[in-house]
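Chains as they are written, first to last, in this note's numbering: chain L, 1 to 487; chain A, 1 to 241.
Misleading hints may appear alongside valid ones.
Covered stretches of chain A (in silico footprint by chain L; criterion: 3 or more residues with CB under 8 Å from a CB of chain L, positions within the stretch not fixed) [said to hold, decoys possible]:
id : region
1  : 27 to 37
2  : 94 to 100
3  : 108 to 118
4  : 163 to 177
5  : 222 to 228
Calculated directly from the structure, the hints in this document are not laboratory data.
Heads up, the beta-carbon is just placed ideally off N, CA and C, and yes, glycines get one too.
Listed here are the chains, written in short residue letters.
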Amino acid sequence: MYFTYLRRELSGRTKQTVIVSAGLAIAIALVIIVNALTAGVRDAQTQALESVYGVGTDLTVAGAQQEPDERDDSRFEFDQDGGATADDGSTTLAQSQLRTEMGRGTLAAATISTISAIGGVSSATGALSLTNSTFSGELPQTTDGGTSTEGEAGTPPADGDQQGGGGFGGGSFDVESFTVLGVDPAVQAVGPLSSVTASEGRALDTGDAGQNVAVLDATYATTNDLAVGGTVDVGGTTMEIVGIVSSSSSDTDTASNIYIPLDVAQSLAGVGDVVSTVYVQATSADGIATVRDEIETALPDATVSSQSDLASTVSGSLSSATSLITSLGTWLSILVLAVAVVLAVLFTMSGVSRRTREFGTLKAIGWSNGRVIGQIAGESMVQGLIGGAIGLAIGLGGILAINVIAPTISSATAATEAGTSGRPGAGGPGFASAAQTATDITLSAPLTPWVLVAAVGLAVSAGLVAGAFGGWRAARLSPAEALRSVA
Amino acid sequence: MTITRSHTGPIAEPTVPVLYRLADVSKTYTQKKRVVKPLVGVDLVIPRGEFVTIQGPTGGGKSTLLQLLGALDRPTSGRLTLGDTDLAEASNSALGTARAREIGFVFQGFNLIPTLTATENVDMGLEPLGLTAAERRSRVTDALSHVGLADRGDHRPGELSGGQQQRVAIARAIAKRPRVLLADEPTGNLDESMRDEILDLLQTLNEDGLTLVVVTHDSAVARRATRRLRLEKGTIRDITR
Ligand SMILES: Nc1ncnc2c1ncn2[C@@H]1O[C@H](COP(=O)(O)OP(=O)(O)OP(=O)(O)O)[C@@H](O)[C@H]1O
Ligand SMILES: [Mg+2]
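The following block holds chain L by itself, in its conformation from the complex (with noise of 0.2 Å):
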């Protein structure tokens, strides 16, 4: 009887029972959602960093930063061996020119042996992040002689022909540029190169030190139609390149275009023996701080950063989309459960009221307080069951559907400026994304099993502090109610 009363109850008053259990349904797949939204952007910072800073690297060390006038490496410098004249008196021109990255001071490799020497390092390797950029264009025929990338050098036409890389004195001329790591080929289980696994050829590995060698990331590799066996110019030396790399989650490119080995990297940039970032790998999770601090204490010019501080530097659409959810989407579910919640007891409150009679002829005729409550406790939790089960499979229909969708979301990582923000300096169209990564990911919606089980628990303990604020209000009522109500 007490199930035929109660599924009684509920299908007759379809009003109340549809409003609650939808607004338990609408909180608890938000729940749901968000959850499993928040887990796939956390997986997706987590992918984007492991991009750039490779698997499993705890803490990064870079050289301090530098004011963009400390440096003026950033010319072109053609001299009359620059260009090959052609027989039209135009000069075709070509450079390469290789630089480390602006703005950013390097460490000396000597800091690579000082930190692996701290306690609670398990390794540490370095790399230094360059920017190839190549200058090719033709000029027409100068009257000086002298070349210069200096605008004023050249007569602009009075129609301005102003495009691409931009045009002057009737020439044309393009910057390209990509970026070049040199890193440490005897380290692959820190660092850049953790991350990545050749899908053509081989990766670096330790004989290649010393050696004109590159491998390229499959995206640059296909994009200019560049293949092992090949060969790329680098800072205008001639690389052989050995293999085509792709990061090892499918769903994020590599930290650099092309890596080459970092004594390379380091003689062609004439830089002397210095890296840009050296990645640092804790004994244990337990130890970072500590390791963090003797770096620091060790190295007081030196930025060190750790994961947490890493996850800031993403930016662009993942991380909105991770403060979004994580931020917003949380409020939001608990506000709408608080509102969910708040909704189930006051129309259980309501419904009580309305059943006063009802519920004053129960006792009247024999019901015991505890049965009456029972009841709408009982009402009430199955309204929330409802709620729940409705609520999980819109839940579980949003998390498919994203999963279907699969939404990707661009992450722009500040490869090497970790923990800080902005690039002083950074100069021209060309440059701004070279020490950037923009990594496309593709955002998932994980389901664990225990956001299940949180989402019935939610839905019965919604149920049961409805059926709780009903049933004391039922437990007060006085059976005389019953002769007093008349309609």
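Starting from the known structure of chain L, fit chain A with the ligands onto it as the hints suggest.
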């Protein structure tokens, strides 16, 4: 048929067993500093098998008295027994048990549960008794056929006439086989033909041995009674000629 008192002698018990015995029963309500005394020192004995009506002016305390008889409330002072149970002193759960087993209640507004069928409504009255499912089914069927609604068991209250609804309510009250049936204006919401239908039913039940206490304004109801009481200004008077 007269107010029975036990001063007939130490050995001589009344020939008919006593159902209710009220001695100096008073009820006082205090509401917002205003004190209302609907019942003042009521003495009353109701033997088994009677059909008692209680009449009186509005606000005279009729419903209040019925609430005390129905174990819905306790008197402020005085003694009130139903059989061997002292309703004035009993615990809430003992009052609940008395309501569940000894007392059948019929209300002016029928008070059926609108979402349940007639059969299910009658079954609700058996809920606290802890009977087997088979026993419950047979009692429900018996009660419904007793009130002439054997074929209407599947109908909801909304699909029944007022008289039929009140008969379902009576079936709910008698299915537990109570010692007494209490009714507060059971015909108050019914037209004359339905009223007579209900009165016929009540009279039949009384003739079958059920004690009835019916509060009414209607002299047509009172005419069927074996004993008529009048409650005025908190005191009771026998007006059974
Ligand atoms: N719970 C209560 N609290 C305060 N006063 C009450 C309460 N119940 C009844 N009263 C008062 O007690 C008096 C008697 O009420 P009661 O309902 O018993 O009258 P009645 O004879 O049934 O009247 P009616 O014929 O209108 O039904 C009234 O003045 C009423 O206001
Ligand atoms: Mg009354």
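Violating hint indices (sorted, rising) = 1 and 5
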